[in-house]
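Student: So you can see what is in the structure, the chains are spelled out below.
2 protein chains.
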Amino acid sequence: MRITWPVPVPELPADVHPALAATARAASAAYGAARLAHPRLELREEVADGADGTPTMRVDALVEGAIAEAAARHHANLLSEEAGFVDNGSDVTLVIDPVDGSANAALGVPLSCFAGVVVVDGTPTEALTVWFDTGRSWWARAGEPTPYRTTGRTALDGASVCLMRPKRGTEDAWHRIANRADRIRVLCTTCLETALVAEGSVDAFIDPGSDTHRIMDLAAALVTVPAAGGVLVDLHGRPFTFDHDLTRRWSGVAAATPQLAEALIEAALA
Amino acid sequence: MRITWPVPVPELPADVHPALAATARAASAAYGAARLAHPRLELREEVADGADGTPTMRVDALVEGAIAEAAARHHANLLSEEAGFVDNGSDVTLVIDPVDGSANAALGVPLSCFAGVVVVDGTPTEALTVWFDTGRSWWARAGEPTPYRTTGRTALDGASVCLMRPKRGTEDAWHRIANRADRIRVLCTTCLETALVAEGSVDAFIDPGSDTHRIMDLAAALVTVPAAGGVLVDLHGRPFTFDHDLTRRWSGVAAATPQLAEALIEAALA
Numbered sequence: 001m002r003i004t005w006p007v008p009v010p011e012l013p014a015d016v017h018p019a020l021a022a023t024a025r026a027a028s029a030a031y032g033a034a035r036l037a038h039p040r041l042e043l044r045e046e047v048a049d050g051a052d053g054t055p056t057m058r059v060d061a062l063v064e065g066a067i068a069e070a071a072a073r074h075h076a077n078l079l080s081e082e083a084g085f086v087d088n089g090s091d092v093t094l095v096i097d098p099v100d101g102s103a104n105a106a107l108g109v110p111l112s113c114f115a116g117v118v119v120v121d122g123t124p125t126e127a128l129t130v131w132f133d134t135g136r137s138w139w140a141r142a143g144e145p146t147p148y149r150t151t152g153r154t155a156l157d158g159a160s161v162c163l164m165r166p167k168r169g170t171e172d173a174w175h176r177i178a179n180r181a182d183r184i185r186v187l188c189t190t191c192l193e194t195a196l197v198a199e200g201s202v203d204a205f206i207d208p209g210s211d212t213h214r215i216m217d218l219a220a221a222l223v224t225v226p227a228a229g230g231v232l233v234d235l236h237g238r239p240f241t242f243d244h245d246l247t248r249r250w251s252g253v254a255a256a257t258p259q260l261a262e263a264l265i266e267a268a269l270a
Numbered sequence: 271m272r273i274t275w276p277v278p279v280p281e282l283p284a285d286v287h288p289a290l291a292a293t294a295r296a297a298s299a300a301y302g303a304a305r306l307a308h309p310r311l312e313l314r315e316e317v318a319d320g321a322d323g324t325p326t327m328r329v330d331a332l333v334e335g336a337i338a339e340a341a342a343r344h345h346a347n348l349l350s351e352e353a354g355f356v357d358n359g360s361d362v363t364l365v366i367d368p369v370d371g372s373a374n375a376a377l378g379v380p381l382s383c384f385a386g387v388v389v390v391d392g393t394p395t396e397a398l399t400v401w402f403d404t405g406r407s408w409w410a411r412a413g414e415p416t417p418y419r420t421t422g423r424t425a426l427d428g429a430s431v432c433l434m435r436p437k438r439g440t441e442d443a444w445h446r447i448a449n450r451a452d453r454i455r456v457l458c459t460t461c462l463e464t465a466l467v468a469e470g471s472v473d474a475f476i477d478p479g480s481d482t483h484r485i486m487d488l489a490a491a492l493v494t495v496p497a498a499g500g501v502l503v504d505l506h507g508r509p510f511t512f513d514h515d516l517t518r519r520w521s522g523v524a525a526a527t528p529q530l531a532e533a534l535i536e537a538a539l540a
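Chains S and G, in that order, give the protein sequences. For the first sequence, my numbering begins at 1 and goes up steadily by one. For the second sequence, my numbering begins at 271 and goes up steadily by one.
Derived from the structure by calculation, the hints contain no laboratory data. Keep in mind that the hints are not guaranteed to be accurate.
[What the hints assert, rightly or not] If you want a taste of the chain G side facing chain S, the calculated C-beta under 10 Å gives, among others:
#, residue
1, T274
2, P380
3, V390
In this text, a Cβ means the ideal position worked out from N, Cα and C, and glycines have one as well.
Using the sequences plus the hints, can you model the full thing?
Tutor: This is the structure in structure tokens:
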């Protein structure tokens with residue numbers, strides 16, 4: 001069965017970097033076309049092995065292909081999950097997760113998004129996240145405050161927390177957090193969940209130790225969450241790097257405040 | 271902080287019962303107005319005790335108020351969480367969950383919905399679910415097939431399952447299911463999660479024993495899921511009844527097939 005809901009054209013602020021805006025629009029259009037052309041089973045079929053070492057679903061490949069074309073048209077380099085680093089001879093590199101929440105995107109669960117960052121000389125300058133099914137976007141420039149703000153919450157007890165789904169070896173940490181939070185959610189889309197932290201709809205998001213995140217899963221949040229008053233850190237304090245080694249992994253923790261991030265990490269590592 | 275995203279006018283099929291359509295439109299308009307008028311903290315403030323024995327948040331009260339007006343205008347009786355049974359002298363009773371996923375609705379997590387059923391002489395005849403943040407709707411008439419279909423999956427191992435959040439006393443059952451499923455999600459909105467089962471985006475939804483559901487949490491799924499080829503049952507086999515006793519509770523299990531429901535129940539009760 002096909003997913004029959006439309007994928008709208010994203011609503012983007014006027015100031016988004018043209019190459020980043022073009023890739024976001026290309027991603028939404030390609031995902032919409034993929035849903036029309038392929039039933040769910042075909043969307044999730046594994047068609048290749050990605051540069052990040054994980055299998056590439058057809059939906060990922062189709063959307064990334066459209067993004068790569070848009071990046072080349074705008075003479076920007078691209079660092080992406082499946083293709084790895086694509087050198088288009090530019091000072092600007094786009095670090096992009098073409099389809100965050102690939103499993104959701106392939107199944108039809110309407111929780112998946114595009115997330116991209118403009119990186120100049122190894123430093124992220126702006127970030128854009130687009131929720132495919134609604135066209136809603138969150139944009140931020142590094143170091144400039146955003147109109148949306150985190151909740152400002154500092155205490156874990158009673159917090160609303162999004163969690164990475166429990167994986168073997170992290171169940172105990174997962175439960176220590178779930179038991180102290182007031183409400184937990186598992187949406188299976190890190191980039192959308194960290195956008196919800198940035199806009200103050202949930203207090204935090206955490207991978208309690210599964211080391212699932214690649215840099216493109218966290219790159220947008222690295223700009224967006226601090227710009228909205230929060231923090232993005234790794235569970236073990238490892239620095240985030242924008243090099244081309246896509247085998248690196250992190251356990252991302254996005255929180256409304258540094259105190260809440262600290263409380264989450266203490267609970268996870270207790 | 272206010273939730274700044276708009277709540278669209280719902281997209282409804284032409285054949286929806288006029289009273290049900292009117293209450294759905296009233297609910298979306300009232301929720302949109304509530305988000306404009308009140309910051310998140312005020313939306314979730316407890317303003318009364320509902321007829322179902324749980325506290326009523328301001329967002330619930332505002333939306334239910336608009337629904338009650340629409341039901342009265344259309345001379346339909348109403349059975350709703352906060353108000354209980356409202357007799358408008360009709361043969362038709364609307365059984366409505368004004369805001370399913372109230373906590374999401376109050377926080378700004380864009381996963382909450384209206385869910386309503388037309389009941390004539392104790393028998394549900396049609397059901398409508400409207401996802402507030404997108405205006406998407408799922409409608410079904412009892413006994414008539416829908417254009418959308420469940421996945422048809424029969425096996426739990428490898429399934430995509432939405433779960434009620436883990437609660438004290440149900441953690442073991444929760445984990446037995448999570449460990450056998452391929453992917454789990456916790457969206458905290460039963461009515462939207464069962465709509466995803468009906469349209470084939472996830473294989474199943476289960477409350478693994480917390481007995482959280484009132485009849486209005488399950489009423490729409492009771493029509494929609496079977497019409498799409500699936501089943502909705504109670505974990506302990508208790509029959510669903512549309513009487514006016516809102517202290518009754520169930521643990522709802524919606525699944526793509528009877529076999530998958532059986533496998534989920536076996537895993538939960540093991």
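Student: All hints are to be evaluated individually against the structure, with a verdict given for each.
Tutor: Hints and how they fare:
1. T274: holds (8 Å)
2. P380: This interface hint holds because 7 Å falls under the 10 Å limit.
3. V390: violated (30 Å)
Consistency note: the structure conflicts with earlier hint 3 alone.
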